[in-house]
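Participant: As they're listed, the protein sequences go chains A and B. Take the first sequence: its letter number 303 is residue 303 in this note's numbering, and every next letter is one higher. Take the second sequence: its letter number 80 is residue 80 in this note's numbering, and every next letter is one higher.
No wet-lab data here; the hints were simulated from the structure. Fair warning: there could be bad hints in the mix.
Since the list gives no way to pick out one identical chain from another, each pair is judged satisfied if it fits inside one copy or across any two copies.
Stated by the list, open to error - Only pairs whose alpha carbons sit at most 27 Å apart, straight line, appear in this in silico DSSO-like list of lysine-lysine:
no.: 1; residue 1: K223; residue 2: K267
no.: 2; residue 1: K299; residue 2: K223
no.: 3; residue 1: K94; residue 2: K219
no.: 4; residue 1: K282; residue 2: K267
no.: 5; residue 1: K223; residue 2: K94
no.: 6; residue 1: K282; residue 2: K219
no.: 7; residue 1: K223; residue 2: K269
no.: 8; residue 1: K165; residue 2: K299
no.: 9; residue 1: K219; residue 2: K137
no.: 10; residue 1: K282; residue 2: K299
no.: 11; residue 1: K282; residue 2: K165
no.: 12; residue 1: K165; residue 2: K137
no.: 13; residue 1: K159; residue 2: K137
There are 2 protein chains.
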Amino acid sequence: MVPHLVTALNGPINELEQRILESTPVIERWFRLEWMEHTPPFYSSVDVRNAGFKLAPVDTCLFPGGWNNLSPEMLPLAVQAAMAAIEKICPEAKNLLLVPSAQTHNTFYLSNLSRLAQIFNLAGLNVRLGSLSADLKEPVQLEVPGGAPLTLEPLQRGKRRLGLKHFDPCTILLNNDLSAGVPGILEDLHEQYLLPPLHAGWPTRRHSTHFRLYEELAKRFAKVLGMDHWLINPACAPCGELDLTTPAGLAALQAQVDVVLTKTRRKYKEYGINEKAFAVIKRDDGRADVGPWVVRDAKDVPALVAAAQLAGQATGAAARQPLQGPFFVQEGVLNNERINDAVAEPVVYMMDRYVVGGFYRVHADQADHQGMNGPGASFLPLAFDQSNHLPQLGARPGASGPNRFYMYGVIARLGMLAASYELEATDPDAEIYD
Amino acid sequence: MVPHLVTALNGPINELEQRILESTPVIERWFRLEWMEHTPPFYSSVDVRNAGFKLAPVDTCLFPGGWNNLSPEMLPLAVQAAMAAIEKICPEAKNLLLVPSAQTHNTFYLSNLSRLAQIFNLAGLNVRLGSLSADLKEPVQLEVPGGAPLTLEPLQRGKRRLGLKHFDPCTILLNNDLSAGVPGILEDLHEQYLLPPLHAGWPTRRHSTHFRLYEELAKRFAKVLGMDHWLINPACAPCGELDLTTPAGLAALQAQVDVVLTKTRRKYKEYGINEKAFAVIKRDDGRADVGPWVVRDAKDVPALVAAAQLAGQATGAAARQPLQGPFFVQEGVLNNERINDAVAEPVVYMMDRYVVGGFYRVHADQADHQGMNGPGASFLPLAFDQSNHLPQLGARPGASGPNRFYMYGVIARLGMLAASYELEATDPDAEIYD
Numbered sequence: 001m002v003p004h005l006v007t008a009l010n011g012p013i014n015e016l017e018q019r020i021l022e023s024t025p026v027i028e029r030w031f032r033l034e035w036m037e038h039t040p041p042f043y044s045s046v047d048v049r050n051a052g053f054k055l056a057p058v059d060t061c062l063f064p065g066g067w068n069n070l071s072p073e074m075l076p077l078a079v080q081a082a083m084a085a086i087e088k089i090c091p092e093a094k095n096l097l098l099v100p101s102a103q104t105h106n107t108f109y110l111s112n113l114s115r116l117a118q119i120f121n122l123a124g125l126n127v128r129l130g131s132l133s134a135d136l137k138e139p140v141q142l143e144v145p146g147g148a149p150l151t152l153e154p155l156q157r158g159k160r161r162l163g164l165k166h167f168d169p170c171t172i173l174l175n176n177d178l179s180a181g182v183p184g185i186l187e188d189l190h191e192q193y194l195l196p197p198l199h200a201g202w203p204t205r206r207h208s209t210h211f212r213l214y215e216e217l218a219k220r221f222a223k224v225l226g227m228d229h230w231l232i233n234p235a236c237a238p239c240g241e242l243d244l245t246t247p248a249g250l251a252a253l254q255a256q257v258d259v260v261l262t263k264t265r266r267k268y269k270e271y272g273i274n275e276k277a278f279a280v281i282k283r284d285d286g287r288a289d290v291g292p293w294v295v296r297d298a299k300d301v302p303a304l305v306a307a308a309q310l311a312g313q314a315t316g317a318a319a320r321q322p323l324q325g326p327f328f329v330q331e332g333v334l335n336n337e338r339i340n341d342a343v344a345e346p347v348v349y350m351m352d353r354y355v356v357g358g359f360y361r362v363h364a365d366q367a368d369h370q371g372m373n374g375p376g377a378s379f380l381p382l383a384f385d386q387s388n389h390l391p392q393l394g395a396r397p398g399a400s401g402p403n404r405f406y407m408y409g410v411i412a413r414l415g416m417l418a419a420s421y422e423l424e425a426t427d428p429d430a431e432i433y434d
Numbered sequence: 001m002v003p004h005l006v007t008a009l010n011g012p013i014n015e016l017e018q019r020i021l022e023s024t025p026v027i028e029r030w031f032r033l034e035w036m037e038h039t040p041p042f043y044s045s046v047d048v049r050n051a052g053f054k055l056a057p058v059d060t061c062l063f064p065g066g067w068n069n070l071s072p073e074m075l076p077l078a079v080q081a082a083m084a085a086i087e088k089i090c091p092e093a094k095n096l097l098l099v100p101s102a103q104t105h106n107t108f109y110l111s112n113l114s115r116l117a118q119i120f121n122l123a124g125l126n127v128r129l130g131s132l133s134a135d136l137k138e139p140v141q142l143e144v145p146g147g148a149p150l151t152l153e154p155l156q157r158g159k160r161r162l163g164l165k166h167f168d169p170c171t172i173l174l175n176n177d178l179s180a181g182v183p184g185i186l187e188d189l190h191e192q193y194l195l196p197p198l199h200a201g202w203p204t205r206r207h208s209t210h211f212r213l214y215e216e217l218a219k220r221f222a223k224v225l226g227m228d229h230w231l232i233n234p235a236c237a238p239c240g241e242l243d244l245t246t247p248a249g250l251a252a253l254q255a256q257v258d259v260v261l262t263k264t265r266r267k268y269k270e271y272g273i274n275e276k277a278f279a280v281i282k283r284d285d286g287r288a289d290v291g292p293w294v295v296r297d298a299k300d301v302p303a304l305v306a307a308a309q310l311a312g313q314a315t316g317a318a319a320r321q322p323l324q325g326p327f328f329v330q331e332g333v334l335n336n337e338r339i340n341d342a343v344a345e346p347v348v349y350m351m352d353r354y355v356v357g358g359f360y361r362v363h364a365d366q367a368d369h370q371g372m373n374g375p376g377a378s379f380l381p382l383a384f385d386q387s388n389h390l391p392q393l394g395a396r397p398g399a400s401g402p403n404r405f406y407m408y409g410v411i412a413r414l415g416m417l418a419a420s421y422e423l424e425a426t427d428p429d430a431e432i433y434d
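From just these sequences and the hints, can you work out the full model?
Facilitator: Rendered as structure tokens:
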């Protein structure tokens with residue numbers, strides 16, 4: 001099940017792997033102490049990029065789908081972690097209401113919901129699914145390939161509680177990143193546990209906040225391991241609110257692209273890396289209707305924006321003004337993992353503080369610098385082998401699948417920890433408890 | 001890896017399996033609520049007997065060896081559970097001192113120690129081994145078959161702390177059931193976490209206390225599931241202190257054997273079970289130098305005792321007066337699990353509240369009612385398949401390996417929960433916190 005990966009087997013990444021393996025007890029204790037002070041997200045997935053010379057998280061998802069892509073052997077770990085999570089947050093929980101995203105026409109997504117329902121059922125909860133769609137008036141049965149059908153029911157909102165007909169949950173699990181905005185039906189639920197909280201959704205999140213906090217953690221973590229934090233930390237430049245339809249907006253974006261490219265080129269030179277540096281521009285607020293744009297030179301920015309403007313006019317998306325708003329520039333991290341000739345992007349899944357599995361997004365058609373999780377991206381999931389969960393001490397650096405996955409799990413947990421800091425920083429109720 | 005088991009596939013056990021599977025969320029929540037009030041033992045293993053018509057724990061070990069018998073696929077679960085356990089008890093822990101039993105000449109036991117050290121190392125602790133043997137003056141290297149050698153070091157006791165040369169642990173993990181008595185070197189360690197506590201050792205434990213508490217739990221649990229608690233609960237009769245070298249002592253023991261046999265026969269009749277009831281007599285304090293004796297009729301007791309007396313005189317064991325002390329009589333539970341013609345006794349391993357694996361003790365030579373864990377018992381371990389951790393809802397009762405193991409895990413956790421109550425009841429410091 002584990003793909004044979006053709007990666008750069010020389011250079012700093014092997015030193016990183018070696019250092020991470022040698023430091024296993026130190027690393028695990030470091031995380032343990034962090035979790036004494038901070039609460040992990042209920043569940044998360046982190047996209048990791050392995051350039052061969054550096055390793056970095058590029059996206060931390062707080063409403064992960066794709067649980068069906070994990071191998072069945074990983075299920076016991078997910079169930080055990082779910083038990084631990086529920087026990088801490090709401091030990092008396094009996095009924096769990098799972099609120100999916102709008103993708104319920106997608107059979108892969110339905111398999112994901114089945115898997116999630118199974119995990120929480122085995123962890124000791126009665127699980128039912130409630131739809132945010134106002135169009136759903138009666139329960140519907142949704143066929144799941146190779147499994148029992150799922151029943152999706154209309155939500156019922158009372159003054160203080162959300163539920164279904166004859167189903168009053170103590171816990172509501174969102175599997176919906178709220179990128180379409182926070183539905184009123186989910187607001188002011190103070191009697192029930194809403195997991196993750198609403199401020200984990202994209203209406204509140206900003207890539208810039210996440211990666212600023214990630215950078216702080218990466219610096220501290222790199223210090224513990226005695227290494228350069230750049231090896232695990234992509235250079236970033238937040239742009240704030242920009243209007244890319246104006247020359248001033250374009251110039252501001254170009255300046256930030258330049259900052260990132262200059263930093264990256266300097267590091268490439270320092271490490272003797274013979275690659276062309278690139279930057280990725282995206283909306284800071286997670287909006288996916290514009291970008292991400294890959295740029296190797298700041299002077300290419302106006303052409304990309306112009307093209308987007310044209311495309312937007314053609315599709316009418318301009319009405320949502322995707323070119324006006326917060327933007328974010330990040331160092332592009334090459335993905336040098338290959339299965340035969342196909343790019344393989346590792347994704348690590350976590351429940352509470354525990355790494356419970358992962359898989360490779362394998363896509364033969366895409367170049368190594370492109371986002372693989374964009375709209376319409378199709379991929380073949382290749383589950384990590386379950387024995388990959390634990391490092392093999394003593395194996396040659398770069399040669400051991402389990403060791404590589406352990407390293408991915410460490411970096412993914414750093415990303416998750418950054419999300420934990422982020423949720424604290426953006427918690428609208430934080431001052432109440434201070 | 002999972003043996004094909006020839007068991008009685010009809011009768012109440014299938015109804016029990018069915019009921020347990022249907023009640024998964026209820027059962028998991030029931031345990032979750034119990035763990036809100038009670039602390040699980042740090043680690044434990046429970047021997048389970050499946051008679052085909054009833055299922056019961058027969059021994060709960062609080063210092064389990066044999067971790068090497070679990071399949072490597074179970075290691076991630078054990079590590080994750082160890083992380084959860086450490087995080088709750090001593091999150092700041094850095095160094096763990098593992099104190100083995102005296103069996104360090106046994107290579108199987110050394111493999112067990114290796115596995116334990118590996119689990120806690122991967123959970124984020126520096127692990128070293130300290131010997132209780134006063135003869136050990138210098139560190140020794142012990143060869144472990146198929147693995148790196150272990151170093152066993154002499155313990156160093158300060159006024160308030162126990163450690164090794166240049167190694168000051170915050171946590172001490174005993175893998176020694178203290179059946180030889182509590183060594184003074186382990187007493188009055190109030191600055192370090194001693195896991196499990198000294199009163200988990202046999203100098204304090206009594207089978208009768210454990211099974212009295214188990215019975216209470218089995219009754220409550222059976223009520224939740226709407227079934228007869230006898231199906232998971234072996235009838236017991238504590239005898240208190242007896243002198244079996246006197247007629248009065250013998251008569252008292254016979255009376256208790258009669259109580260157990262009468263109860264068991266009545267139940268066999270009620271369920272139409274065509275087997276001969278039997279009882280097991282053992283020392284209540286875990287001493288293994290006498291018994292266990294299997295009896296089908298109370299009148300056979302004097303002959304068994306006389307034979308033991310003769311054997312004791314021959315070996316000189318009489319000096320330790322094994323026939324004077326606390327005794328315990330328990331309903332014998334048939335083991336009807338077979339791999340081909342060999343008896344297969346399931347053992348379930350737990351770390352903190354989590355079932356992390358198990359194996360079958362397979363022994364071709366022993367009859368179905370004999371203890372398989374006695375002195376000198378040799379067995380072939382057959383690890384449960386890791387996919388056995390999660391029930392397969394919908395499979396035909398009695399036909400699914402995973403479902404059977406899930407049921408074993410439930411009953412084993414009931415045994416572990418009884419041990420948790422037991423440790424509370426026998427805690428010498430309990431009144432301090434009351």
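Participant: Please sort K282 with K267 into within, between, both or neither, judging by C-alpha distance up to 27 Å.
Facilitator: Within one copy only: 22 Å inside a chain, 72 Å across chains, cut-off 27 Å.
Participant: With identical chains treated as interchangeable, where does the CA-CA distance between K282 and K299 reach 27 Å or less: within a copy, between copies, both, or neither?
Facilitator: within (17 Å within a copy, 86 Å between copies)
Participant: Within a copy, between copies, both or neither: which one fits K159 and K137 at a CA-CA cutoff of 27 Å?
Facilitator: Classified as within: same-chain Cα gap 19 Å, cross-chain 72 Å, threshold 27 Å.
Participant: Using 27 Å as the alpha-carbon threshold, which applies to K223 and K267: within, between, both, or neither?
Facilitator: Within. Shortest intra-copy distance 18 Å satisfies the 27 Å Cα cut-off; inter-copy 67 Å does not.
Participant: Given identical chains, is K219 near K137, meaning Cα to Cα at most 27 Å, within a copy, between copies, both, or neither?
Facilitator: The answer is neither: 51 Å in one copy and 44 Å across copies each exceed 27 Å.
Participant: Using 27 Å as the alpha carbon limit, work out where K165 and K299 are close: within a copy, between copies, both or neither.
Facilitator: neither (58 Å within a copy, 64 Å between copies)
Participant: Should K282 paired with K165 be assigned to within, between, both, or neither, using CA atoms and 27 Å as the limit?
Facilitator: Classified as neither: same-chain Cα gap 41 Å, cross-chain 56 Å, threshold 27 Å.
Participant: From the Cα coordinates, with 27 Å as the cut-off, is the pair K165 and K137 best called within, between, both, or neither?
Facilitator: Within one copy only: 11 Å inside, 71 Å across.
Participant: Could you figure out if K299 and K223 sit no more than 27 Å apart (CA to CA) within one copy, between two copies, both or neither?
Facilitator: The answer is neither: 36 Å in one copy and 74 Å across copies each exceed 27 Å.
Participant: Within a copy, between copies, both or neither: where do K94 and K219 come within 27 Å Cα-Cα?
Facilitator: Answer is between: at 22 Å across copies they meet the 27 Å cutoff, but 41 Å inside does not.
Participant: Are the CA atoms of K282 and K219 at most 27 Å apart within a copy, between copies, both, or neither?
Facilitator: Result: close within a single copy only, 24 Å intra versus 61 Å inter.
Participant: State whether the alpha carbon distance between K223 and K269 is at most 27 Å within one copy, between copies, both, or neither.
Facilitator: within (22 Å within a copy, 71 Å between copies)
Taken one by one, the earlier hints fail for this structure at numbers 2, 8, 9 and 11, listed in ascending order.
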